[in-house]
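Heads up: the protein sequence lines correspond to chains W and D, in order.
For what it's worth, the working numbering labels the leading residue of the first sequence as 12, then goes sequentially.
For what it's worth, the working numbering labels the leading residue of the second sequence as 12, then goes sequentially.
Wrong hints could be hidden among the right ones.
Every beta carbon over 12 Å from chain W, so not counted as near; a handful from chain D, in silico [claimed, not checked]:
1. Arg49
2. Arg53
3. Leu57
4. Ala62
5. Ala70
6. Asp160
7. His164
8. Pro166
Covered stretches of chain D (chain W as the covering partner; in silico rule of three or more C-beta atoms under 8 Å from a C-beta of chain W) [unchecked claim]:
9. 227-235
10. 255-267
Part of the chain D face toward chain W, derived, beta carbon under 10 Å [claimed, not checked]:
11. Val94
12. Gly139
13. Leu143
14. Ala145
15. Asp146
16. Pro175
17. Arg179
18. Lys182
19. Leu183
20. Gly190
21. Glu210
22. Phe211
23. Ala213
24. Ser217
25. Asp239
26. Thr250
Just so you know, these hints were derived from the structure itself, not from any lab.
For glycine and all other residues, C-beta sits at the position ideal for the given N, C-alpha and C.
As a plain string of letters, each chain reads:
There are 2 protein chains.
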Amino acid sequence: MSTSPEVSAGTYQRARRPEQKLERRDAILGAARELALRDGVRTVSLADIAARVGIHKSALLRYFETREQIFLELTAEAWREWVTALHAGLDPAVPGPASPGPGEPGRAGPGTGGPGTGGPGTGGSGTGAAALVADVFARSFGDRPLLCDLIAHTPLNLERNVSPEAVRRYKLTSLGAVGEAAAIVRHALPGLTPAECTEFVAAMASLAGALWQIANPGPALAALYASDPDLAGACVDLTPRLRRTAEILLAGLAPSRS
Amino acid sequence: MSTSPEVSAGTYQRARRPEQKLERRDAILGAARELALRDGVRTVSLADIAARVGIHKSALLRYFETREQIFLELTAEAWREWVTALHAGLDPAVPGPASPGPGEPGRAGPGTGGPGTGGPGTGGSGTGAAALVADVFARSFGDRPLLCDLIAHTPLNLERNVSPEAVRRYKLTSLGAVGEAAAIVRHALPGLTPAECTEFVAAMASLAGALWQIANPGPALAALYASDPDLAGACVDLTPRLRRTAEILLAGLAPSRS
Numbered sequence: 012m013s014t015s016p017e018v019s020a021g022t023y024q025r026a027r028r029p030e031q032k033l034e035r036r037d038a039i040l041g042a043a044r045e046l047a048l049r050d051g052v053r054t055v056s057l058a059d060i061a062a063r064v065g066i067h068k069s070a071l072l073r074y075f076e077t078r079e080q081i082f083l084e085l086t087a088e089a090w091r092e093w094v095t096a097l098h099a100g101l102d103p104a105v106p107g108p109a110s111p112g113p114g115e116p117g118r119a120g121p122g123t124g125g126p127g128t129g130g131p132g133t134g135g136s137g138t139g140a141a142a143l144v145a146d147v148f149a150r151s152f153g154d155r156p157l158l159c160d161l162i163a164h165t166p167l168n169l170e171r172n173v174s175p176e177a178v179r180r181y182k183l184t185s186l187g188a189v190g191e192a193a194a195i196v197r198h199a200l201p202g203l204t205p206a207e208c209t210e211f212v213a214a215m216a217s218l219a220g221a222l223w224q225i226a227n228p229g230p231a232l233a234a235l236y237a238s239d240p241d242l243a244g245a246c247v248d249l250t251p252r253l254r255r256t257a258e259i260l261l262a263g264l265a266p267s268r269s
Numbered sequence: 012m013s014t015s016p017e018v019s020a021g022t023y024q025r026a027r028r029p030e031q032k033l034e035r036r037d038a039i040l041g042a043a044r045e046l047a048l049r050d051g052v053r054t055v056s057l058a059d060i061a062a063r064v065g066i067h068k069s070a071l072l073r074y075f076e077t078r079e080q081i082f083l084e085l086t087a088e089a090w091r092e093w094v095t096a097l098h099a100g101l102d103p104a105v106p107g108p109a110s111p112g113p114g115e116p117g118r119a120g121p122g123t124g125g126p127g128t129g130g131p132g133t134g135g136s137g138t139g140a141a142a143l144v145a146d147v148f149a150r151s152f153g154d155r156p157l158l159c160d161l162i163a164h165t166p167l168n169l170e171r172n173v174s175p176e177a178v179r180r181y182k183l184t185s186l187g188a189v190g191e192a193a194a195i196v197r198h199a200l201p202g203l204t205p206a207e208c209t210e211f212v213a214a215m216a217s218l219a220g221a222l223w224q225i226a227n228p229g230p231a232l233a234a235l236y237a238s239d240p241d242l243a244g245a246c247v248d249l250t251p252r253l254r255r256t257a258e259i260l261l262a263g264l265a266p267s268r269s
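Okay, chain W solo, but in the shape it has when bound (with noise of 0.2 Å):
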């Protein structure tokens, strides 16, 4: 609820070269991203990032149709930069040419069977490399308290309050990094099929969204986890608990093949 110097009467200047525009464009992103790290994206308004960036709510609207709006743009950045930390988890530990883009979801050729994949007779899920997907992909959530917020956000808030072609935009940006995530899991499990790999990729950013609401509880039912012995079992351990999951599907993706 800072006020900047720039809403102080008479000295507010509205952006009117395009490099001014995208410096209020990333302020704003900037200013909705620290909000929403700091107290849940649930209590986050218009009102609030206006605030903190020091302009108008009018002025605000002139950037982002609406609150949805600027969020929904966080969490296309967010998808972009989890990928980036999957190749640079994932790349490395598995030789060979660098993973496909969006565009080119399957790898033709022999699989690599580099160090650390499993051999033919483990289905393509080698131990070493799906251990290896499992940490990196639980980490990639772990790791990203802002993302995991924004992905039980999308459906049910986000999407509904912006124009179709703010949603589209989104859309393709989301589907693009699940396609990427999807490459990078096949290029270091070649066992599995691209759909399996979809498959995997969208099972876990969807639990991740939903054990992490569970994983951050409000401050009072925080104080009830702790005073109560009968609800220990609703606490969630976020990273550890996507490790498991992770585990789990890579190992029973293969043999459940109809």
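Given chain W, work out where chain D should sit, using these hints.
Then chain D, alone, in the frame of chain W:
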């Protein structure tokens, strides 16, 4: 938004006797249930519920603390009804003693190994029994849109705006339901450990909540999906997707044991 005759000038009667109070409480829950099923949990306000019952908002607040407490009561009710459906779907297929109550999550004694249960070579996840469990679980959520919608709202909103006592009561109900569901799974798949059965149930419930929101977009997003083939990959068909994920999880639990 319909007004019942009760709310007309002069005819409104305050419920005074205990049975009248219970009736009024049921009417409030029933109105919230109908509106949430029709319009989605996120759009239903306290004022909408009061208008549907035909009482004033202040009168409604004599029965429930907040809008969120009303929906938390509906969630508890939905969990109990869901467990009953799991019993109905799985108990007849697996002979032997009924699964234990919530206070006794693990069964001592040897596995029953009834028809449809896999032999020891499958690690207890017999294909027939596992397929049945996957199908019954997928339908238990797919057939219950209100439960699925509520699951996503529970940690995000409902548990954050009620008294500690209300959230504690709710948590004991939901934990009891998960524990009983895990016991039902273990009865069908005695090769799994109690912890693995709980892991399966918890993952399925979280996924059902998250995927239901994706499978049920608002009108604008649904129109976009229908019109744009690039976005087809974002659609989810809830019950088949849950069935497939359940099969993967059940196939992966035993092999991924550390």
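Flag every earlier hint the structure violates by its number, smallest first.
Violated hints (numbers, rising): 2, 6, 7, 8, 11, 12, 13, 15, 26; every other hint is consistent with the structure.
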